[in-house]
Amino acid sequence: MKYLAEFRDGEIAQKLAAEIRAITTRPWAIMEVCGGQTHSILRNGIDQLLPEEIELIHGPGCPVCVTPLDMIDKALAIAALPKVIFTSFGDMLRVPGSDRDLFRVKSEGGDVRIVYSPLDAVQMARENPAKQVVFFGIGFETTAPANAMAVHLAKKEGLTNFSMLVSHVLVPPAIDAIMSAPRNRVQAFLAAGHVCSVMGFWQYPPLASKHHVPIVITGFEPLDVLEGIRRTVQCLERDEARVDNAYARVVTFDGNAPAQALLEEVFTVTDRAWRGIGVIPQSGWRLSDAYADYDAEHRFDVGAINTVESTLCRAGEVLQGAIKPSQCEAFGKQCTPRTPLGATMVSSEGACAAYFNYGRFHTLERATIG
Amino acid sequence: MCLAVPGQIVEIFAAQGTRMAKLDFGGIQKQVCLAYLPDAVVGDYAIVHVGFAISRIDEASAQETLRHFRELGILEEELGMASDAEYAAPHGEVCPVVTP
Amino acid sequence: MPPTSTTVASTPSSGPQLADTISAAWACPLPLRDYPTIVIGHGGGGQLGNELVEHLFKPAFSNDVLNRMADSSVLSLPPGRIAYSTDSFVVRPLEFPGGSIGALAVNGTVNDLAMSGATPLYLSAGFILEEGLPMATLGRIVDDMARAAKEAGVRIVTGDTKVVERGHGDGCYINTSGIGVIADGLDIAPQRAQVGDVVIVSGTIGDHGMAIMSVREGLEFDTTIVSDCAPLNGLVAAMLAVTTDLHVLRDPTRGGLASALNEIAASSHVGIVIRETALPVLPQVQSACEILGLDPVFVANEGKLLAIVPPQHADALLAAMRAHPQGINAAVIGEVTAAHPGMLVARTAIGAQRVIAMQIGEQLPRIC
Chain A
1 MKYLAEFRDG
11 EIAQKLAAEI
21 RAITTRPWAI
31 MEVCGGQTHS
41 ILRNGIDQLL
51 PEEIELIHGP
61 GCPVCVTPLD
71 MIDKALAIAA
81 LPKVIFTSFG
91 DMLRVPGSDR
101 DLFRVKSEGG
111 DVRIVYSPLD
121 AVQMARENPA
131 KQVVFFGIGF
141 ETTAPANAMA
151 VHLAKKEGLT
161 NFSMLVSHVL
171 VPPAIDAIMS
181 APRNRVQAFL
191 AAGHVCSVMG
201 FWQYPPLASK
211 HHVPIVITGF
221 EPLDVLEGIR
231 RTVQCLERDE
241 ARVDNAYARV
251 VTFDGNAPAQ
261 ALLEEVFTVT
271 DRAWRGIGVI
281 PQSGWRLSDA
291 YADYDAEHRF
301 DVGAINTVES
311 TLCRAGEVLQ
321 GAIKPSQCEA
331 FGKQCTPRTP
341 LGATMVSSEG
351 ACAAYFNYGR
361 FHTLERATIG
Chain B
1 MCLAVPGQIV
11 EIFAAQGTRM
21 AKLDFGGIQK
31 QVCLAYLPDA
41 VVGDYAIVHV
51 GFAISRIDEA
61 SAQETLRHFR
71 ELGILEEELG
81 MASDAEYAAP
91 HGEVCPVVTP
Chain C
1 MPPTSTTVAS
11 TPSSGPQLAD
21 TISAAWACPL
31 PLRDYPTIVI
41 GHGGGGQLGN
51 ELVEHLFKPA
61 FSNDVLNRMA
71 DSSVLSLPPG
81 RIAYSTDSFV
91 VRPLEFPGGS
101 IGALAVNGTV
111 NDLAMSGATP
121 LYLSAGFILE
131 EGLPMATLGR
141 IVDDMARAAK
151 EAGVRIVTGD
161 TKVVERGHGD
171 GCYINTSGIG
181 VIADGLDIAP
191 QRAQVGDVVI
201 VSGTIGDHGM
211 AIMSVREGLE
221 FDTTIVSDCA
231 PLNGLVAAML
241 AVTTDLHVLR
251 DPTRGGLASA
261 LNEIAASSHV
271 GIVIRETALP
281 VLPQVQSACE
291 ILGLDPVFVA
301 NEGKLLAIVP
311 PQHADALLAA
321 MRAHPQGINA
331 AVIGEVTAAH
341 PGMLVARTAI
351 GAQRVIAMQI
361 GEQLPRIC
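Protein chains in written order, with the working numbering: chain A, 1 to 370; chain B, 1 to 100; chain C, 1 to 368.
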C-alpha cells in the first residue's frame, strides 16, 4: 500500500537503528503514549533494534486499557437489556468488567455487534426503528471526530433510537499527570501522531517547557517510530526540551480545524477516571449539554454500578511505567491472556500481554544491528 | 490507539447530506466520510480512521522524509566514519506473491 | 525463486439452475418448484422429504452407492489404513465471493483427509435446514457440493436432512464426514516435525477469511478478493509423487497459519521460525487486513496447506507444487528449530523477532 510499504523498509530500519546507536551516550527512558505505537513496536520488534541504553516505557495510550471500570460495567448492563443493539469497536469485546465481558453478554443473549465505524451504528438505528442502538464511544482524540459526527448526524436526523456511551480520554493531561507523578522515570515522549493529526501539536510546547521534556510527534510504521526515537534521543543528548514533528506528512501545528470545530460543539471537557491510574482532572470528554438527549448514560437507568476491581491487578502501575509486568505477583499466574485480571493483559498492545508472550521466549536475544 | 490507514480518493459524493468519498486502499475500496477534509479533491491521499478521513497526506513531505531516510548514513560512509554498529542487509527474501 | 505471475484459482462458475438438477422424469403432481422455501415437512421423513432427496440431492450427487438409497451405504475400500474425519459448517453468509457453505462442506472434509496423506473416497452429508430457506439457495448450495465432489473425485454416498423452525438456525448448517485410505509407508502427523525440516505454504494466505469479512455486516468493503476454497488432495498426490517422506501436512483453516503452526510446534515439541517477508499475501488481502487491523497470519484459509518436510526434498516439492493449479504460489516460509520448543517465532521485516502466540478466540477488527 502506498505510503505504508515505504515506511516498513528493512534496510532503512537498520540504518535508522545504527544512527540511534551512534548518537546514544547514556541511558534514556522514553514513553510512547499511543497504544497503536506500542502495537507497532511489539509487532515489528522495534525495541530489539535499539541500543541497551534506550528503554521504551509503554504508556497508557490504549483506550481499551484505560476505560474506567464503571464505564465498562455500564456498557455491559446496557448491552444486556432487551431491545438494545449494543455496538462497539472490536477492541472492547474482551475487556473484563467486574464480572464478565461483552462477549459473555453476547453469549447470554445480548445483541452485541462489532462495527468498523460509528456511522455504521447510526445506519443500524435507521434500519431498526423498534430497537435502541447504543454506540460505545471510546478512544482518544483521533476517534472523537468520528464519534462526534455520528451523534451530530443522529441529532440532525432526529433519530430518537440512537445514543452514545461516551468515554473519551485526552493525551496532553495524561502526559502532564505522568510527568507530575512522584515515581516518574519518563524523560521524553513520543506523541501520538494520529491524535495530533486531529488536534495539531500546539498543546505540547507548554508541556515540554513545564516538565523540561522533549516531545516528538511520531507516526506508526517502523521507520516513523525509529525516526521519532532518533529525534528524541538527539534532543535528550543535547538537553533540548522542545517539540519536534517527525510525522510532518500527516501532522500540522494547527491540526484539523473542521474536526476541532465539531468537537467543540459535541463534547465538553470533564474529569475522567483512568482505569488503574485514577482520576486525572479535565482529561476526558463527555457529551455537551446540547447533546444530553443522546447520552446513553442518561437514557438508560442501569441502577447502581458496584465495580469490583481485582485487588491483585497492578495495571495502573504498569501503565505509568512504574513497574514492569513481570514484577506483578499475579503476572503469569492468576493473570494470563486467557484469564486476564486487567485490561493490560487483554489488549493486544497491553504491556502485560506483550510481556507474557515474550517472557516465555527466554533465549530471545536483541537482534544485532545488521 | 489510532489505527489509520492511507488511501487515495477516487470519488467524492454526498450521502444523507454528508460529504462522503470512495477511497482506494491498495486495491480495496471503501466508503469514507470526507466531511473533515472540505478541500480534498479526487487524487489526494488521506489517512482514514474508523471510516473517517482525518488528514490529507502531504505527498511532498512524504517524499522528502523518504529521501532523508535513503540518505542516512551516506555522509558517514563517504567520509569513512565507522559506525560502531555492524551493518548487514536483511535476508533479502521478497514476498513471492503474484497478482491474480 | 519467486513464481512468475499467473492467475490463482478462478471463481467457480454460477452452475446449473435448480431446474436442471431436477429429474426430467418427474411426474408428481406437486413438483418441487411449487415450494419456493423449505418447510418443516421437508424434514419429516414423509413425502416432502422424499421429494427433496429424489429430485434434488440424488440427481445432484448421483452415484451407484447413493442411488441404492439404503439406510446405510455399503462401501468397498482398497487396502490400507482408513482415515476418517468429520466437520460441521455454519458459515454466514451462506454464499460469499468465491464459494458457499456447500463448497466448504465438501472441500473441508476432503482436505482434512488429504492432510493425513489419505486418498479421500466417500463423504456423508447431513443438513440442518431452517424453515424458510429459499429452495433456490439450497439448490445452489447442493450444486456447489456436487461440483466440489466431482472436482475432488469423491462420492457423497449417504446423508440426512432435518428441518428446524424459523429462527432456530442460520438458514443451513451442514455436517460432512469422510472416509479415505492411506497407502502403506506414509506417516504424516502433527507429531512428526523434526529439527531442520523446512516449512512450505502452498499459496497466498488470508484470502478466505478476508472474502468473508468483505461481506460481513458493518465491515463491508469493495474488493476482488475471493475465497480460496478448493480441494487439496490432488496437490497432495503430486507432492507424494515426489516423496512419501512428508512429515506434516496441515490445512490452516480457522485461526490461520499461526494457529496451525503453533499446534504443530506443540505436538512435535519443536520450535518453528518463519520469515514475514517470505509469506505470500495478495496485495488486496494485505490492504483489507490493514484497514481492519487484522494480521494475515491469523486469517482463515480454505484451499491452502502447510507442509513440513525434510530439507533435502524441499526444492523438488516446491517445483511440483508450483506446477499444480493449487500450488502456484507455493513458497518456503521457514524452518523447524530446536530453539524455543512449542513456540512459533517470526522474523520481522526489520530484522527483529516476535512471538506469534495462539489467539484466545477469534481475531477481531481493532481501532487501536
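None of these hints come from the bench; they were simulated from the model. Values in this document were obtained by computation on a predicted structure and should not be read as measured data. No residue lacks a Cβ here, since even glycine has one placed at the ideal position from N, Cα and C. Warning: the hint list may mix true and false statements.
Rough simulated footprint, nothing fancy, chain C against chain A, three-plus residues with beta-carbon under 8 Å [claimed, not checked]:
{"no.": "1", "stretch": "30–42"}
{"no.": "2", "stretch": "60–74"}
{"no.": "3", "stretch": "204–217"}
{"no.": "4", "stretch": "257–269"}
Just a few of them, taken from the derived set where beta-carbon distance is under 10 Å, the chain C residues facing chain A [to be verified]:
{"no.": "5", "residue": "E220"}
{"no.": "6", "residue": "T224"}
{"no.": "7", "residue": "S267"}
Derived lysine-lysine pairs resembling BS3-like cross-links, with alpha carbons at most 25 Å apart [claimed, not checked]:
{"no.": "8", "chain 1": "A", "residue 1": "K106", "chain 2": "A", "residue 2": "K83"}
{"no.": "9", "chain 1": "A", "residue 1": "K131", "chain 2": "A", "residue 2": "K106"}
{"no.": "10", "chain 1": "A", "residue 1": "K2", "chain 2": "A", "residue 2": "K83"}
{"no.": "11", "chain 1": "A", "residue 1": "K83", "chain 2": "A", "residue 2": "K155"}
{"no.": "12", "chain 1": "B", "residue 1": "K22", "chain 2": "A", "residue 2": "K333"}
{"no.": "13", "chain 1": "B", "residue 1": "K22", "chain 2": "A", "residue 2": "K106"}
Cross-check of the supplied hints:
1. Counting residues of the stretch 30–42 of chain A whose CB lies closer than 8 Å to any CB of chain C gives 4, so the stated coverage by that chain holds, three being the minimum.
2. For the stretch 60–74 of chain A, the proposed coverage by chain C is satisfied: 3 residues have a C-beta within less than 8 Å of a C-beta in that chain, meeting the threshold of three.
3. For the stretch 204–217 of chain A, the stated coverage by chain C is not satisfied: 0 residues place a CB nearer than 8 Å to a CB of that chain, which falls below the threshold of 3.
4. Look at the stretch 257–269 of chain A against chain C: 0 of its residues bring a Cβ nearer than 8 Å to a Cβ of that chain, fewer than three, so the hint is violated.
5. For E220/C, the suggested interface contact is upheld, since its CB lies about 9 Å from the closest CB of chain A, less than 10 Å.
6. This hint is violated: T224/C has a C-beta 15 Å from the nearest C-beta of chain A, more than the 10 Å allowed.
7. Among the interface hints, the one on S267/C is violated; its C-beta lies about 17 Å from the nearest C-beta in chain A, farther than the 10 Å criterion.
8. Proposed proximity of K106/A and K83/A is supported: the alpha carbons are some 13 Å apart, at most 25 Å.
9. A hinted pair counts as satisfied when its Cα atoms are at most 25 Å apart, and K131/A with K106/A qualifies at roughly 16 Å.
10. Annotation: proposed proximity of K2/A to K83/A is violated, straight-line Cα distance about 43 Å (limit 25 Å).
11. Restraint check for K83/A and K155/A: the C-alpha separation of about 21 Å stays at or below 25 Å, so the hint holds.
12. The hinted pair formed by K22/B and K333/A fails the criterion: a straight-line CA distance of about 48 Å is larger than 25 Å.
13. About 33 Å separates the Cα atoms of K22/B and K106/A, which puts this hinted pair outside 25 Å; it is violated.
Figure legend: structure checked against the earlier numbered hints; hints not met, in rising order: 3, 4, 6, 7, 10, 12, 13.
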